[in-house]
Amino acid sequence: MDIKLDAKSPQGPIENRWAKFKGEMKLVSPANKRKHTVIVVGTGLAGGAAAASLGEQGYQVKSFCISDSPRRAHSIAAQGGINAAKGYMNDGDSVYRLFYETVKGGDYRSRESNVHRLAEVSRDIIDQSVAAGVPFAREYSGELANRSFGGTQVSRTFYARGQTGQQLLIGAYQAMMRQVDEGTVKMHTFREMLDLVIVDGKARGIIVRNLLTGEIERHVADAVVLATGGYGRVFFLSTNAFNSNCTAAWRAHKRGALFGNPCFTQIHPTCIPVSGDHQSKLTLMSESLRNDGRVWVPKKKEDCGKHPNEIKDEDRDYYLERRYPTFGNLVPRDVASRAAKVVCDEGRGVGESKRAVYLDFRDAIKRVGENVIREKYGNLFDMYHEITNENPYQVPMRIYPAVHYTMGGLWVDYSLMSNIPGLFVLGEANFSDHGANRLGASALMQGLADGYFVIPYTLTNYLGSGKLEKVDVGHDAFAKAEGDTNKRLESIVARAKVGGARTVLEIYRDLGTTMWEYVGMERTDAGLKTAITKIQALRKEFAAGFKLVLPNGVKERNQLLEVALRVEDFLELGELMAIDALDRRESCGGHFRAESQTEDGEAKRDDENFAHVSAWQYTGDPSKPALHKEKLVFEYVHPTTRSYK
Amino acid sequence: MSKSTDKKPMNITFKLWRQKDAKSEGAFETHALGGVSPDMSFLEAMDLLNDDLTKKGIAPIEFESDCREGICGTCSCVINGQAHGPERGAATCQLYMRNFKDGDTLVVEPWRAAAFPVIKDLVVDRGAFDRIIQVGGYTGAKTGPHADANAMLVAKPDADQAMDAAACIGCGACVAACPNSSASLFVSAKISHLAMLPQGHPLRERRVLRMVDQMDQEGFGHCTNIGECQSACPKDIKIDFIAQMRREYVKAVMNYRPESASGGTG
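Protein chains in written order, with my numbering: chain H, 727 to 1371; chain G, 36 to 301.
It should be emphasised that the hints constitute simulated quantities derived from the structure, not laboratory data.
Hints are not guaranteed to be accurate.
[As the list claims (entries may be wrong)] Some chain G residues well away from chain H (every beta-carbon gap over 10 Å; in silico):
1) Asn46
2) Ser59
3) His66
4) Gly116
5) Gln265
6) Gln279
7) Arg282
8) Arg292
9) Glu294
[What the hints assert, rightly or not] Cβ pair distances, simulated, as ranges:
10) Asn1035/H - Asp137/G: 26 to 34 Å
11) Gly1279/H - Asn290/G: 51 to 59 Å
12) Gly69/G - Gly909/H: 48 to 56 Å
Keep in mind that this is a model prediction, so the values were computed, not measured.
Backbone N, C-alpha and C fix where the C-beta goes; we use that ideal spot for every residue, glycine too.
So here's chain H without its partners, still in its complex pose (with noise of 0.2 Å):
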């Protein structure tokens, strides 16, 4: 396959080029949007809000979801916040600013002319969902509130609560549901996309499992947008949800669309840490808390073992406030990982892992009081001692780095199209806008922005730019493409029959523990050799055999059986991750290469041999994919050492 990577970005002065584009798009008449069949996978922040805005359109829209009802995809777990340029608090914010600091914050990775156009409509997004009535907090004026995230000085992040992320999709899905009345979005629930029908080069189905009964079902669209979320379940642990899956995106890749920059992790500060070996999934703890929280450690290794409240501060190192007196606690979440990490290694973690740090209250308790603190953060704080057992207003919250979002994701043009005509790919799913870190908040803004305010016009766009094909599911491609899904199936059963040592959990958790350990926050040559070597070997087993019972086989509800798919999938992704790791001989943003580093620490970026996107493609061998590359041009924030101190 020949590809040229051309990201089709306007010309121009920044600030205009999405009003160009829009000024110049194609379009397609009322009467000929109801013509149009679009499929849109996933219903999160992304999906949901391109569902909805594409179904008040006119377009006939099938919307796909894994779960009994489209409300429960993981956007709703985001709590903190969503940025938005508003400029509410008369801090000195703008559009500029936001973009600015987004390019910064993901330490020059991302592309100029997305990132502008994501800071553009952020504006928009706040006003779209106060309109649908979206509860956000506000101040005795009757007017919003705002407070501040890390990786910026000012308070921008719009909030509902520590439940942002639940109610913004609530109100997309509330939206959706309205089209689902008018009747221009169909929905399908409990249906996994196992497969991307392509005809004639163009995307134009799918292949879908319903996991109530195990048919698979085949969809014909004029195109399809995949909102399916990212893939930090690779590490089996970590902030997503337990179903959450990288399947649809890497059917997509396996395809034919290139996947970009799969090592971009972000692993986020604060989380509840890891205790035992039990574990199913990791609990954040909101960056927010980090506006009125103090990170330490005891500065000497013997206090480790004390009470907290018993450490005198003159004992205490509040390592960011030390290390980064500018942006202090607020530092962004790759630059607190890793200096949670530092302390950690230096022997100087609490806790009986010793692998967390404090998070403490203490001070701001005693500045503003435990009520105000608990207005702010109370859902938070009662989650976590659920969770631990410790009440979080008396004794400092323990907190460790874990998985929280992937950076990377399908690679996408500025109309967010991957390579494949007609594949479009929104929200965390893509790998467009956030460099190689994300700021805090700023996954919310993108998830909405993509669904809402940027697909129905580049989707009209697509559509209206030339004539398709008819085509139906009888067409051959489908025939071929449910076919393979069916060998893949039979195979699961004939490997749950010759059976194994492992139950498909264990080896999924095995999985994770090598992609933490070599893949997670520092990465080294020798090591990222030893994860491609040790996830070889567990593909050879899972391609052998596994403990799994089906005793009706694939035809019936099974989740562990949905778990096999996605484990197998996530098999090929984790090398590829590692193979990117492996590649990528530089440092930037959550992508931490140890041989890469200034002299105290810090991300050493080499922008003469990596500033571009890595863009992958399926070769057929998930060891030896091939490698092509987008040049990043950055004409308005110019590469510097990213600075927090």
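Based on the hints, put chain G in the right spot on chain H.
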């Protein structure tokens, strides 16, 4: 720190509901599980049980979960007779095994309500909730430019109360806990959320009339002010919202105007 801080692994007996599908009869099945850490969540103990069953060649028990932090509303088990188990203000996924002691038997059932048919084992079909939202649980605002978000002020107490109602996670515990299998808490939470914000007002009357009608059509029972829903709700949604829904309903009936005048816009 009221709960046990003992870390010793426990033996737990699970008495679980097995049912092939909505049409088949179900029955309890009993399995013993050792090595249950008090720090495990209930769902992690269920994962462990399924791994154990798999090793014995027994089909796993189907149960639902997703976020496992109490916000997505996917998990749904009645544990020892209580929807979401004994912990107040928490979903099943937020229930920790330290609430139980070594040797305990846990009786685990699906939500039981005519409007929530069993799909398999502990999984039920809550599509009725989506269909209720579909007929009116939204504002009319379509995607596009709107007035600036601060153009319309909302008093903080209104915004706070709207948020209290909007916190509903749509899990269905209120229905499972109600002796009448009423969905009133769920429906009233959405009606109250949107009635308390000015953005919800254009569709206010239509919303309550259509949603209440759909609730009845789905086969949920009537509310008789028992209050079990509030006790079972993982988000502590108050039954005051049911009172508000009734006021909204009466006002809507009294104010009713046809949705469009006869004739056309032509």
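field: Violations among the numbered hints, reported as their numbers in ascending order
entry: none
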